[in-house]
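There are 2 protein chains.
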Amino acid sequence: MKKIKAALIIIGDEILSGRTQDKNINFLAINLAQIGIILSEVRVIGDFENEIIDAVNEMRKKFDYVFTSGGIGPTHDDITSASIAKAFQVKIELNQEAEQILHKFYGVEINEARLKMAMIPYGASLLDNPVSSAPGFRIENVFVMAGIPKIFQAMFFAASKELQGGDLILSKEIKIDLTESKIAKSFGDLQGKYKDVAMGSYPFDGGTSLVFRSTNKENLEQSFEEMQKIIAELKLS
Amino acid sequence: MKKIKAALIIIGDEILSGRTQDKNINFLAINLAQIGIILSEVRVIGDFENEIIDAVNEMRKKFDYVFTSGGIGPTHDDITSASIAKAFQVKIELNQEAEQILHKFYGVEINEARLKMAMIPYGASLLDNPVSSAPGFRIENVFVMAGIPKIFQAMFFAASKELQGGDLILSKEIKIDLTESKIAKSFGDLQGKYKDVAMGSYPFDGGTSLVFRSTNKENLEQSFEEMQKIIAELKLS
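Chains as they are written, first to last, in numbering that gives the first Met the number 0: chain L, 0 to 236; chain C, 0 to 236.
These aren't lab readings, by the way, just hints derived from the structure by calculation. Some clues are possibly wrong.
Just so you know, same-sequence chains aren't split out, so a pair can sit in one copy or run between any two.
[Stated by the list, open to error] List time: in silico PhoX-like cross-link candidates among lysine-lysine, alpha-carbon distance up to 25 Å:
| id | residue 1 | residue 2 |
| --- | --- | --- |
| 1 | K160 | K4 |
| 2 | K22 | K149 |
| 3 | K149 | K160 |
| 4 | K228 | K194 |
| 5 | K174 | K149 |
| 6 | K184 | K103 |
| 7 | K216 | K4 |
| 8 | K4 | K22 |
| 9 | K90 | K184 |
| 10 | K85 | K194 |
| 11 | K1 | K160 |
| 12 | K2 | K171 |
| 13 | K61 | K85 |
| 14 | K184 | K85 |
| 15 | K194 | K1 |
| 16 | K192 | K171 |
Just chain L, with the same shape it has in the complex (with noise of 0.2 Å):
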């Protein structure tokens, strides 16, 4: 099987101080679940240069894909595009497409702050922004993204057509009324029969729901149904 692996660095102190509630990791999270990709760490980090080269100069390595959101604006706080380029030592520079792209948007509304947004390191491959039409990109394996939700969300589908996609994650649920600690030693038992699914368990209010996660599918449907089984008989007894 094959397992491709992403993370994601949110750059911005409006998460950090609480100002805002995160929408992206959610979001990204079932996306990349959808086309195979198993979206691994998280790291939400400050508008700090020295910070975003560290995480993403230890991510690229150690990922498939990695994914940023945040800071690439017109205004001072946005620095997510310089600091990048100085992760990759390549030159930033005012890219002609993307140039070309702000001016057939802004008209003559355009000015210095705007095109601060075609700044680029060299060498990366625009995403396209259907909403406001300045673009993110990609650079090797890392896609610089917006931070607001529906510009992040946009991008993320011009990055999709991209990535290549592994295994698919099937899973499966059952919402159960017994409390965790009643079904804690069989379904302990049944992970450590089936290695290749991954079986979480998240309590709510009044019961327990069991999570089965694969790309084996056989493995799966049989893991699945011994666990109905054993919720049966545990009720019963």
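Take the given structure of chain L and dock chain C to it, following the hints.
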């Protein structure tokens, strides 16, 4: 001024798989800020022992406080407590105080899975859990808490009694009906003038929010007033 920095490690496949939308980052960010502690980094990692050990050991050296959420329940996928013990190179043992709490709460319903929640690293002190009794714990500067938001929040209030806050971070915000690009130049110049005021701009449909944050009240007020004048002038021009 005294800067106190904290980090959060979210342990759990349920966030990375997209099953659950995280709510703990925002809660922690807001509540730490209120006592003068800056949430400086967040990591979301999977239920893997080596990832937990590495993240905890890296971050407990780097930050004044580290909070973890998730993985302290009764099932086989709850491996946080054992991993934390390994990170600190101490034994994990049946904690008598925790055992008593669980016995009192569950009575005759106590079982082996539930008693797993009394297995606590040697040397740790307990964090009260008024919601479902099974305690979190503190070991050195690391606070190990549940992932379920209601319990995470309750444990944080227990933990907060033990936290030493730094200078309070004051903030002021203004919403304007100008785009980011229009104010970018003068906003950037103002940031250059007031180094100890963190100025961020966040676009929304129809305008921009400008956020000023600082522990220096005087400079915060002064820079904020200057920005208001700049905005008034921009609107006239």
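Homo-oligomer pair classification [K149, K22; C-alpha up to 25 Å]: For K22 and K149, the Cα distance is within 25 Å both inside one copy (10 Å) and across copies (20 Å).
Intra- versus inter-copy proximity for K4 and K160 (alpha-carbon distance at most 25 Å): within (16 Å within a copy, 40 Å between copies)
K61 and K85: within-copy, between-copy, both or neither at 25 Å Cα: Result: close both inside a copy and across copies, 19 Å intra and 23 Å inter.
Status of K22 relative to K4 across identical chains (alpha carbons, at most 25 Å): both (20 Å within a copy, 24 Å between copies)
Up to 25 Å CA-CA - K149 versus K174, copy category: Close across copies (20 Å), not inside one copy (32 Å); limit 25 Å.
Intra- versus inter-copy proximity for K160 and K149 (alpha-carbon distance at most 25 Å): Answer is within: at 18 Å inside a copy they meet the 25 Å cutoff, but 39 Å across does not.
Homo-oligomer pair classification [K4, K216; C-alpha up to 25 Å]: within (20 Å within a copy, 45 Å between copies)
Intra- versus inter-subunit Cα pairing at 25 Å for K194 with K1: within (16 Å within a copy, 49 Å between copies)
Alpha-carbon proximity context of K184 and K103, limit 25 Å: Intra 63 Å, inter 22 Å, cutoff 25 Å: inter-copy only.
K85 and K194: within-copy, between-copy, both or neither at 25 Å Cα: Result: close only across copies, 23 Å inter versus 42 Å intra.
K90 and K184: within-copy, between-copy, both or neither at 25 Å Cα: between (57 Å within a copy, 23 Å between copies)
Intra/inter-copy verdict for K2 and K171 if alpha-carbon distance must be at most 25 Å: Classified as within; 19 Å inside a copy, 46 Å across copies.
Hint compliance for this structure: every hint is met.
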